[in-house]
Structure formats: C-alpha cells, structure tokens
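Note that numbering that gives the first Met the number 0 gives residue 27 to position 28 of the sequence shown, counting from 1, and the numbers run on in steps of one.
Treat the hints loosely; a few may be bogus.
When the alpha-carbon atoms are kept at most 27 Å apart in a straight line, the in silico DSS-like pairs for lysine-lysine are as follows [as the list claims (entries may be wrong)]: (1) K75 / K95; (2) K24 / K75; (3) K24 / K95.
With beta-carbon atoms standing in for the labels, derived distance ranges [as the list claims (entries may be wrong)]: (4) T4 / K95: 37 to 43 Å; (5) T5 / V90: 29 to 35 Å; (6) R93 / T71: 26 to 32 Å; (7) W76 / T4: 33 to 39 Å.
To be clear, the hints were calculated from the coordinates, so they are not data collected in a lab.
We put the beta carbon where it would ideally sit given N, CA and C, even for glycine.
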Amino acid sequence: MAGNTTPYDPSHFLIDSARRAEYLKAALAESEGDPRFVLVALGHIARSVGMTELADRTGMTRQGLHASLSETGNPKWETVWRIADELGLEVTFRAKASGE
Numbered sequence: 000m001a002g003n004t005t006p007y008d009p010s011h012f013l014i015d016s017a018r019r020a021e022y023l024k025a026a027l028a029e030s031e032g033d034p035r036f037v038l039v040a041l042g043h044i045a046r047s048v049g050m051t052e053l054a055d056r057t058g059m060t061r062q063g064l065h066a067s068l069s070e071t072g073n074p075k076w077e078t079v080w081r082i083a084d085e086l087g088l089e090v091t092f093r094a095k096a097s098g099e
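Using the sequences and the hints, build the whole thing.
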C-alpha cells in the first residue's frame with residue numbers, strides 16, 4: 000500500500016498570510032541556522048500562491064524563482080525581500096531572548 004501514497008505538500012494548507020507567517024516562523028525555529036531550510040519553506044509558501052503568478056508579480060522568471068527557493072538556491076537579500084513582500088509577509092528582526 001505504501002506505493003499508493005502521495006507525498007505531503009504543505010503548500011496546500013498555506014492559504015492565507017497568517018498561516019504562511021506561522022509556517023515561516025516555524026521553519027526559522029527549526030532551521031538551526033541553515034538558510035536553505037528557510038528558502039525551501041519560502042518555496043512552499045510561494046507554491047501556495049502559484050509560482051507563475053508570483054514570478055510575474057516579482058518581475059522574476061518562473062525558473063529563477065524556483066532556483067532561488069531551492070535547497071541549492073542562493074538568492075540576493077533583495078530577492079528574498081521582494082518575494083516575502085509579494086507573499087504578504089513582513090520581514091522583521093528582534094533581539095534574541097537573553098538568559099538574564
């Protein structure tokens with residue numbers, strides 16, 4: 000029966016910006032500092048919107064978008080910022096919680 004299963008695709012559940020933000024926050028928490036983990040999660044979010052539509056909105060090619068958001072991708076900060084913005088996500092920074 001295992002041959003009849005469908006791989007899990009989180010993009011089916013990322014239907015609004017609140018869920019997308021929570022998913023990305025979870026990815027950041029689990030990433031252990033590996034930016035590729037976060038890029039792949041951002042790719043899942045991008046697929047939830049539609050890669051062709053997102054490529055049009057960001058001015059990127061669909062292939063370039065896929066390449067940037069893959070495990071081997073190495074996008075510029077500007078690209079990540081633009082993708083996040085078009086996905087309805089805000090990039091923020093905050094101070095680490097100190098043990099004090």
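Given the hint that K24 pairs with K75, does the C-alpha gap stay at or below 27 Å? Since the Cα atoms of K24 and K75 sit roughly 20 Å apart, the hinted pair holds (cutoff 27 Å).
Is it true that T5 and V90 lie within 29 to 35 Å of each other by Cβ? holds, 32 Å
Keeping to a limit of 27 Å between CA atoms, is the pair of K75 and K95 held or broken? holds, 24 Å
Is it true that T4 and K95 lie within 37 to 43 Å of each other by Cβ? The hint (37 to 43 Å, Cβ to Cβ) holds, given that T4 and K95 are roughly 40 Å apart.
Confirm or reject the claim that R93 and T71 have a C-beta distance inside 26 to 32 Å. Check passed, 29 Å falls within 26 to 32 Å.
Would you mind confirming whether the straight-line C-alpha gap from K24 to K95 stays at or under 27 Å? holds, 14 Å
Do the beta carbons of W76 and T4 sit within 33 to 39 Å of each other? holds, 38 Å
The structure agrees with every numbered hint stated previously.
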